[in-house]
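Undergrad: Can you join these two chains into the complex? Each is in its own frame, and there are hints to help.
Same order as they appear, the protein sequences are chains P and F. First residue of the first sequence: 1, per full-length UniProt numbering; consecutive thereafter. First residue of the second sequence: 1, per full-length UniProt numbering; consecutive thereafter.
Don't read these hints as lab results, they were simulated from the structure. It should be emphasised that the depicted structure is a prediction, and the values quoted were computed from it without experimental measurement. Hints may contain errors.
[What the hints assert, rightly or not] With the Cβ distance kept under 8 Å, some of the chain P side facing chain F (calculated, not the full set):
id: 1; residue: Asp-24
id: 2; residue: His-28
id: 3; residue: Gly-129
[Said to hold, decoys possible] Once the Cα atoms are required to be at most 27 Å apart in a straight line, the calculated BS3-like pairs of lysine-lysine come out as:
id: 4; chain 1: P; residue 1: Lys-61; chain 2: P; residue 2: Lys-36
id: 5; chain 1: P; residue 1: Lys-56; chain 2: F; residue 2: Lys-241
id: 6; chain 1: P; residue 1: Lys-56; chain 2: F; residue 2: Lys-205
id: 7; chain 1: P; residue 1: Lys-61; chain 2: F; residue 2: Lys-241
id: 8; chain 1: P; residue 1: Lys-39; chain 2: P; residue 2: Lys-109
By construction, the Cβ of each residue, glycine as well, lies at the ideal position given by its N, Cα and C atoms.
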Amino acid sequence: MLSPFNLPEGIVLLITDELNSPADFLLHRSFAEHVKSAKGAKNIVLSVSDSIARWKSIALKSNLNLAQYLASGSLEFVDVSSHIQVPTGRSDQPNLHSLFNIIQPLLEKSDHGLALVILDDISTLEWIGFSLLDITRFTRALRAACLQIGATLIIRHHIVTPGEPDDMFRYLLQICTYRLEVQPLSSGRSGTVSGEIALHSGPGTIVDGQKLIPRSLALQYKLTDNGPTFFEKGTSSGVL
Amino acid sequence: MSSFKRKSSTNSELSYPGTRTAPGNISTAITSTGIPSLDDILGGGLPLSCLLLLLAPDHHSSYGDLVQRYFVAEGLSGGHRVIVVHPNPKEFMADVMWHPKSSSSTTDLEARDTKHEASEQKIKIAWRYESMKPFQTTVVSPSSSTGDYCHAFDLSNRIPEAVVHVAINSKQLTYVGIDADGLDQISIVDMLARLSSLIESSTPKSLLRISIPSLAAPEWGDLSNLQILWFLYSLRSLLRKHPYVCASISLAPQSSTDSWGGQGWLQKLGWASDAALSMVAFSANPSLSSIFPSHHGMVHIHSLPSPHTLSVPSDRFSTLRGLSSSGENNLAFKCTRKRLIFETLHLDLEGGVSERRTAPVTDNIDLNAFAGETGNLHQHLHQTQSLDTTAVASVDVQLEEDEAASKNIPIPVALEEVRQAKPKKKKTVAFQSDRPELYDF
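Next up, chain F with everything else stripped away, as it sits in the complex (with noise of 0.2 Å):
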């Protein structure tokens, strides 16, 4: 027998809808999350048998969520089973995201934005420069050559009520409710069973996803960390035997911090599941959305997927993570009226604003009240006492301007140079091509 045999791919059962071979390596199979660029941070797609696991240990938002929502919307329009772990699972439902109404008007509409936003900005650009891409900071959202792969969402757009009727009469969907009743907590071996009996009697034919909103909120009764390390690992055991199956899962805002969990529980998060990142937002820290007004959160990478390699197949094919040339990219994430990105984080100009001031607000402030206020003191001068009071603390500063002028200061220069100095309301940087000079503020 010749020593020489051709690799067949034995996998050949590999082939659900919906996913598609990861790239670099034809074993493992992957699906979608539902965005884009989340599928980029993880190397093309989450692959099947592996555990997502998003942290998002912000109160007072629910991108955690969000992410969630996303990754039902996907499994839905896909044509693959869901299972849905949630206290009140249909209210969770109720705010899915779903495909943009026509796709011709939405399309229209950007179209149009894309115009607006090019005649706005129109600007000159160096010869050198004018063959490069423009630059981006996200992967391109899918077109619809991609096929069932990633399809494309509308934020404002709900899941029309009939898609989840028929969703749950054909079974596709499965609704889990957590039930504590009283004071028990709900039982994690209980919940671990419900889902394994639920895995077993899936067909092997079609993809099964599993989505947790959300794990350890209140409802889910007071879990240590050691039940929440068991259950990510009884269920990881559980997807691994079963390569059909693939899980995300968000942890509550509140089990999202090593101060909850102790030191280094995050990490252990990381080594628990296949794949965990953390998206801080900004909400949190009023300083911090005012340095990056653009972006949301920032998002932390704890692991990646690498199911059947050494090396994480993202490090090598993220776009985002740009790891391929050089140091890794510090990500971000926005949300949008449409739709949520990851992208990466890159400082605005002059490091740090996104608008370059000439001088602080606070002296074009003053300077309008000086504007108006001397003019009307002008016309008064005499009448000193009957000031217009709306602003005290400036009329203080005018006074005295006012005896300097009565000692003989043209005060019709001073008013002009005011009147000059007044900040134009809209600034922006931009090398303008019809202005002779270089910079416009």
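Next comes chain P alone, as it looks inside the complex (with noise of 0.2 Å):
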């Protein structure tokens, strides 16, 4: 899974970016790359900030009819900002049990493996209102669901203070079993280098074989409509 990094299938992948070097092209390219390989398999979509328009004409560009997927079952796209209630702040807290309760018979269908789960954004579920009891019920729940089926769960996390880690990303740290941490260019923006990407392992995790890559090997990536390119620091095409 994800061909630079090599994953396995079946785990939890905690992907964290920041606001210069959004990590969008990580979901969509792990789920391009499993609907390819994985042919019949289950995919699950939980977009919680983007909109179904934007992953068909993303999609467009690795070949992929998205209408196609969705009409033959196999890709449940949810759009989650309808499903959830109005955050009021009040003693009757909104909670995102409802929410889960329609994830769930879509895991519970697809029967054999290999399944692939990504929620495309829980940081706006903090912000928008949701307490973090809350979304740490929620992503524990949606963990235990992947896991009896051995489906890939991909949570994607933004940082918003580098350096400062606030208390949701601790508790995906924990839970995760990679974490692929994307960050942009500590320089400012480049037209020739869009970000790093650094492999860590999660704190559980027994590494066997799996190459990790630590932040001062981070791996270079630049971003072009048709998806990044990867390249060692040091190489771009701006350095040689």
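TA: Laid out in structure tokens, this is it:
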């Protein structure tokens, strides 16, 4: 899974990114690869902040017609914004239980393994008023449901205070198997390098043969419309 | 069936007036914000179904409102439907700028201005650079050939009341007041419901612009940062469902800094909107405005729209940001008498000050005083007690000088030197063709 990193299936992958280096491309790339490699497998996209239109037009770039997959049922696109209630801040706190009730039957339907579940933005849920407890409960339930059927779960979290991990990040780090860290260049935006990616293992992961990427050797990438091109540090077209 | 199929554009309904397809992606329709240089930063314009958020953290200026007015003016002159959400929409609309009065007179004026400037700056350029284009810090203004995409506006002209009346009567312009009754604060949910019903009721054939100047201003009540993010999030998912709507929002100054919403607040805002920019005015900091006298503030880009692509189109197509060649340019804005301009920020001559000085200013003043006063003293050498006391501090110094002069130092020569040292009023750095010396300061 995710070709330059070659991660195993059936893991919980945490992707963290920052505003100047959004990691959308990793979500789209893992989805496209999964669709192509595991034909007929279930894909569930829980989209908090992205529209189906964007998913469709980006998938077109990798020669995927999402409408076809939606019709055949191999892709379930859940627009989270239409399923969540207004967080009022009163005693009758909304919770993400209703959202999980929608997802659970979708997961159960995927009888054969190798399913892929993508939660594209967990931080926004916290920012618009869901309590940390709500979100951790939801994530725990989602993770358990995915582990049961051997599905891969990808969660994206936005880091807004680099260097000072927030509570949500600490929690997600506990439950993840691997963490892909997408960072912008510390020297600012550049035309030739969009950002760099490091791969860390989770706290309880037994690393066997999986090559991790420390921050000091982070893999750099340049984003184009057709996807990212990866290269080692110092070998960008601007340098060579 | 042949596997080769011509890719035909299925988006025939995209052709709203006042829009064009985004560079690099035919499925994205963009519309102008009314400011050509801002359009350039956004990658050609604001894509439909996208949310532009402007932050202007300076309390004493209203650049956020100004951009909103451009947005509204562009909508009205392009024939789009416009919704203005404001505590006092009439007052807001009264200050909206409008087209230049008569295009011929302004072009005459501008032509005269440029001619004047040209004659003033008649400088000789080394031959190898003469054929190069003049250095530009911003993109060119729209010409008449661009049709109804980005209209030219003049800040010295107000929108005629008749235009506003006609727009309101024809339901082209809709006001949404903010009616927080008493101590109750405005319900975000109600506001979203109102906007939603207005969007639903509009005919999909016309483009709809939502402008919200100063969201979270005092009239909105005490909005928490959760509520602001919820509002932005819900509005954005509303826009996503309606591909003929776009919105531009300015956040109230006090909510536009990290210190208000906690650490990472600006980043959160950047994630919650499609495009987020800060216009940080220099007026808050006198030292900055003296360093950059020709600009009014810095522009910080937090996020940029990419509604249908992985990469941000602005990275490739923005001239001002200049990312296609190398690192990103520093951007600043200035507001002239006629228009608001976003442009690249460069250090001036000698890395910082716009004028190059040969001597500190204070020295010149002393010399002036010295020249005048010594002249007087020379005449009344023996009446030193009845000094002209307009400048007491300099008098002390001059007495000493005078004593020195009485010890047979030729005063006239000293005076000559002083008079020659008198600085010229206007100082410019230029190479002038009619002068033999290299530089004239």
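Undergrad: So, for every hint listed, does it hold in this structure?
TA: Cross-check of the supplied hints:
1. Checking Asp-24(P) against chain F: minimum C-beta separation of about 6 Å stays under 8 Å; hint holds.
2. Look at His-28(P): its Cβ gets to within about 7 Å of chain F, closer than 8 Å, so that hint holds up.
3. The restraint placing Gly-129(P) at the interface with chain F holds, with a minimum CB-CB distance near 4 Å, inside the 8 Å limit.
4. Taking the CA atoms of Lys-61(P) and Lys-36(P), the gap is about 14 Å. The hint holds against a cut of 27 Å.
5. Simply put, Lys-56(P) and Lys-241(F) have alpha-carbon atoms about 14 Å apart, close enough for the 27 Å limit, and the pair holds.
6. Using a Cα cut-off of 27 Å, the hinted pair Lys-56(P) and Lys-205(F) holds, with the two alpha carbons roughly 24 Å apart.
7. A distance of roughly 22 Å separates the Cα atoms of Lys-61(P) and Lys-241(F); the hinted pair therefore holds under the 27 Å criterion.
8. Among the hinted pairs, Lys-39(P) with Lys-109(P) is consistent with the structure: their alpha-carbon atoms are about 16 Å apart, no more than 27 Å.
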